[in-house]
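For the sequence shown, the working numbering assigns the number 31 to the initial residue and increments by one for each residue that follows.
Calculated from the structure, these hints are not laboratory results. Mixed in with the good hints there might be a few duds.
Claimed, not checked - Calculated cross-link-like contacts (lysine-lysine; reagent style BS3-like; alpha-carbon spacing at most 25 Å):
#1 243 / 172
#2 55 / 172
#3 111 / 172
#4 178 / 243
#5 236 / 200
#6 111 / 178
#7 243 / 261
Unchecked claim - For each label pair, taking beta carbons as the anchor points, the in silico distance ranges come out as:
#8 204 / 71: 29 to 35 Å
#9 305 / 233: 26 to 32 Å
#10 262 / 197: 17 to 23 Å
#11 177 / 262: 23 to 29 Å
#12 245 / 58: 50 to 56 Å
#13 212 / 238: 28 to 34 Å
#14 129 / 253: 27 to 33 Å
#15 262 / 65: 48 to 54 Å
#16 77 / 231: 38 to 44 Å
#17 145 / 208: 30 to 36 Å
#18 79 / 177: 34 to 40 Å
Don't be surprised by glycine CBs; every beta carbon is placed ideally from N, CA and C.
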Amino acid sequence: MTEASLSADTPPSAGPTAPAPMTAKEEAIDTVRFLAWLAVAVLIFRSFFLSPFNIPSESMQPRLLIGDYLLVNKMAYGYSKYSLPFSVPLIPGRIFARTPERGDVVVFKAPPVNDNDYIKRVIGLPGDTVQVVDGIVWLNGKPLPREKMPDFVIPVTENMLEAAREDYRKNGLPVPQDSDLRPCFQLQFETTGADGARMCRYPQYKETLPSGKSYAILDIAPIEQDNTPLKLVPEGHLFLMGDNRDRSADSRFPAEENQGIGLVPEENLVGHALVGMFSTDGSASWLNPISWFTAARWSRIGDGF
Numbered sequence: 031m032t033e034a035s036l037s038a039d040t041p042p043s044a045g046p047t048a049p050a051p052m053t054a055k056e057e058a059i060d061t062v063r064f065l066a067w068l069a070v071a072v073l074i075f076r077s078f079f080l081s082p083f084n085i086p087s088e089s090m091q092p093r094l095l096i097g098d099y100l101l102v103n104k105m106a107y108g109y110s111k112y113s114l115p116f117s118v119p120l121i122p123g124r125i126f127a128r129t130p131e132r133g134d135v136v137v138f139k140a141p142p143v144n145d146n147d148y149i150k151r152v153i154g155l156p157g158d159t160v161q162v163v164d165g166i167v168w169l170n171g172k173p174l175p176r177e178k179m180p181d182f183v184i185p186v187t188e189n190m191l192e193a194a195r196e197d198y199r200k201n202g203l204p205v206p207q208d209s210d211l212r213p214c215f216q217l218q219f220e221t222t223g224a225d226g227a228r229m230c231r232y233p234q235y236k237e238t239l240p241s242g243k244s245y246a247i248l249d250i251a252p253i254e255q256d257n258t259p260l261k262l263v264p265e266g267h268l269f270l271m272g273d274n275r276d277r278s279a280d281s282r283f284p285a286e287e288n289q290g291i292g293l294v295p296e297e298n299l300v301g302h303a304l305v306g307m308f309s310t311d312g313s314a315s316w317l318n319p320i321s322w323f324t325a326a327r328w329s330r331i332g333d334g335f
């Protein structure tokens with residue numbers, strides 16, 4: 031028998047059998063399974079790699095504004111239970127630990143409650159002595175050099191007004207009309223722009239650490255915490271301050287709820303501020319899609335630390 035006749039006599043193959051279509055129940059189960067794995071992947075990524083963080087207060091002006099959204103590097107200083115959502119105690123102590131550098135902007139869980147996320151700048155490391163004298167920071171017996179800069183001028187935004195309203199609510203006071211709100215710390219620091227819009231104008235300085243790293247700070251008016259006792263930073267702790275020295279509840283204040291954070295354990299670190307990924311002035315409305323774009327402060331996106 032020739033090859034041609036063999037081919038002709040061989041019955042054609044039936045081919046692969048097509049899979050049976052999925053039922054509605056199987057499709058639902060498959061979708062739920064996919065969403066569950068996606069949620070697990072996002073949870074792992076946010077817990078151990080990068081996580082978003084938003085700025086709710088003025089304590090880090092001028093570097094950070096209310097309405098800024100950052101990416102935080104969770105790998106920078108190691109991991110503890112505070113790296114995990116809801117501080118689930120799955121990590122004993124702190125693993126892959128690394129101490130921050132002076133000048134780093136860090137996110138952490140604030141004592142004494144260890145519940146809310148805060149963001150401040152590292153000033154004192156373990157073994158350092160820190161004291162504030164007449165508003166000047168003294169580190170290890172030497173004052174940090176301070177140089178006057180042009181005033182920091184910022185328009186009064188909706189999220190600044192909302193922060194002022196929240197202060198009234200926290201104190202159990204009736205919220206006044208917007209024109210009577212004082213979002214600029216004190217009336218003397220409020221001015222108007224060429225277009226008549228409300229503005230805040232604050233004294234601004236450049237502060238320089240012994241390493242040579244410098245950053246802008248605000249020192250608006252004399253306050254009690256412009257003079258503090260000498261503090262020795264113990265092992266495993268950090269002395270942290272906000273760049274807005276008059277509107278920051280930081281390590282100058284005792285670790286009491288709604289008052290300060292005291293000396294912060296390194297175990298409480300969540301991560302290192304990495305880059306700004308979005309910023310809004312708070313004027314957007316869900317009912318007006320155009321406002322989602324007009325409210326964005328595009329120039330602040332991509333700012334690194």
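Practice problem: Compare the structure with the hints numbered earlier in the document and write down the numbers of the violated ones, lowest to highest. | Solution: Per hint list: 2, 3, 5, 6, 8, 10 violated.
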